[in-house]
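J.: Residue numbers (the working numbering), protein chains in the order written: chain B, 1 to 154; chain Y, 1001 to 1261.
One should not assume that every hint holds.
What the simulated footprint calls covered on chain B by chain Y, stretch by stretch (three residues with Cβ under 8 angstroms from a Cβ of chain Y suffice, anywhere in the stretch; the number is not a length) [to be verified]:
no. : segment
1   : 34-43
2   : 86-94
3   : 128-142
To be clear, the hints were calculated from the coordinates, so they are not data collected in a lab.
A virtual CB, placed ideally from N, CA and C, is assigned to each residue, including glycine.
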Amino acid sequence: MVMTAPVSEATVRDVLATVHDPEIPNISIVDLGIVERVAVTANAIEVELLPTFVGCPALEVIEASVVEALAPLGRPANVSFTWRVPGTSERISETGRARLAASGFAPPAEPSDVRCPYCQSALVAMDSAFGPTQCRSLFYCRDCRQPFEAFKPI
Amino acid sequence: MTLTTAAALDPAVRDALGGLLLSMADDEFVSGFTDSEWTGIAPILEEDVAISSIAQDELGHARALYELLASVLDDGRDADAIAHDREPDAYRHARLLDHARGDWADTIARRFLYELADEARVGSIGRGYAPLADLVEKLRREERYHRMHLVAWINRLAGGGDDARSRLEAALDAVSADASTVFTPLDGEDVLLREGVLTRRMAAAEAAWRADLTGILVPLGLPLPSAGGAPADGRSGHSDAFRWLRDQFTMVRATEAGATW
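For reference, chain Y alone in the conformation it holds in the complex (with noise of 0.2 angstroms):
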């Protein structure tokens, strides 16, 4: 059976639902800043466009789940409320996406393993809920460039010299043990998997990120995250670098009450 609508919702289904378009949402929308933090200084004029252009793609996939979500909760708040007047912890996207912006190689490090770990989440989404496996089908067919962009960098400083290696297996290094974060348990997995919404585990999405991380790193000579399956506490408890950057996007907010995107 497919869900059409948000009013047809049990509350279970409302709750579980509303926890994975959170944790999508917040994703897209961290991400999308720090990628922004770029924007004038990236190494090249090229990649100030591009990164810049990513920015914007992630923001507006933010803003598309965000408005999703505010129509499955109905409580009163609208997709500005939800993105900005949340104290920090409240934030439920994957600690990957915590550490501050870095330099170019910690960019690209992060970003690809979270890129490749979206697709392997937004692969996992079957037609259970039909508003969010329509917003899933535009949305992948806009990542595949960012795809193509970051595989493209971690060749360029994979085979760039030693320090471009260097760095990046540094940068590969730091967040290794946070990068299947965003393969975190959800709460009400089993309801989302039921209902088809989900059509596998976040545990079995995240063996195929595995699987695709292999072909593209382990051909370079560069290191796979650390294995061992995502830690249950993978979306809370914040670092400062969050906190920095969550004052910077809710500045305008906290200035202009209502102020909307």
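Isolated chain B, as found in the complex (with noise of 0.2 angstroms):
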């Protein structure tokens, strides 16, 4: 008989904060906010995700990346996706929007507020509200002459 740990959900969270988002990978999925609830059972471990848009593609290999690293804990992890709770851009962390404009996305704010994420000039453009994924939009820098994409407000 193989006897599991006691796993809590603090270790749980811990391990989910190693997993990245699969485009940016700076930016883990407990930063982006859509990590909304975690339980641990004495067969499962259960977490349930907030989708930033509801037809995101990339759900799936989220999904894979958490089954995978929940692996080591011993215990099956059952992974759900919810609109029970809105996810919204606003649950982005503090630590999460940092790295967001780190790695050259300027973090969700209304076109007006939006800065550049090279520069921190105010001086930016919005060429399409619409960007190679869902969640982001093309803006353009007038100032370092950059183009760069900002993560909508949602």
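Both chains are sitting in their own frames, so use the hints and assemble them into the complex.
T.: As structure tokens, then:
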């Protein structure tokens, strides 16, 4: 018989903090604010996630990454997605916002409050509300003359 | 009272809720697929990205609605089976969305009318069935970007010179008679109102939509869609254009049984 060591919710959250966004490797799903609920039962670990966009194609990749990361804890992880709480961009942590900026993405803000992630200039223009993924918009900085992407406030 | 799970539904509520979910899911599905027909060939690069992103949103909304429908019906079919394994006549999208993609003006006219209609419909969903109310709360946050985009295009084409304006006017005329079909009366509307799944009738949502349209189209001197209410058969009897599209979006599934999203 295999004995499984006790697993605390805090341990699970620590592990989830090592699971990164598939496209932005320096931000974790915890900092993105998409981890809603963690529960440890006798036989399983339950993780409830909040999609940033309903049709986000990265959800299955994130689910697989969570299952893989939690595997060493010795019990299967059941990952589900929920709308019970709306996933909003306000859930991104301060650390998460700083890490987005460090990766060249302006953190979510109304268009008039968006700053260039490279030079912090406010002299920016939105080229298009729609970008290469559902969660991002296209901007241009007129100071440092760089195109950049901003996360949509949602 | 709020119903929180599909298991708690009595048959009359289940049927009525299933009809509402199917109409919403099919609308988003067909609209999303038609939008995706522009991927690679939209008028400018930014628009190619935008319409493709909107298509991805709508197909995602359709998937979430089909999944909810699958849990309500509980008849052994999953979201993929409901989305793909039906004969063309079993789809319940509004006739407004039965039109072929057409040119850019046709697309903007049809999508603008649908986007605002969807907003009025989504604004008619109450807390009666919690899983739907929760999903709708999330969908509304995404749809506001679509509205901004389509209203911007209506303004641009209306003021964009003779060719753009005359094409837009012709495009609005071409779908004028079908625009209100998004508000085709639902079977079991009384039940949905009683349970708080809906907060108003489709006819009341249509009136709100018409007021919304008036505020945008009239100042631009553009025609409003035909008045007179949605026809009872506004979600049946589909066009050849839809049959072609359905062949496209069921192609993978038809080639490989059991293929998933």
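J.: Each hint: holds or not?
T.: Against the structure, the hints:
no.	hint	in the structure
1	34-43	violated (count 0)
2	86-94	holds (count 3)
3	128-142	holds (count 8)
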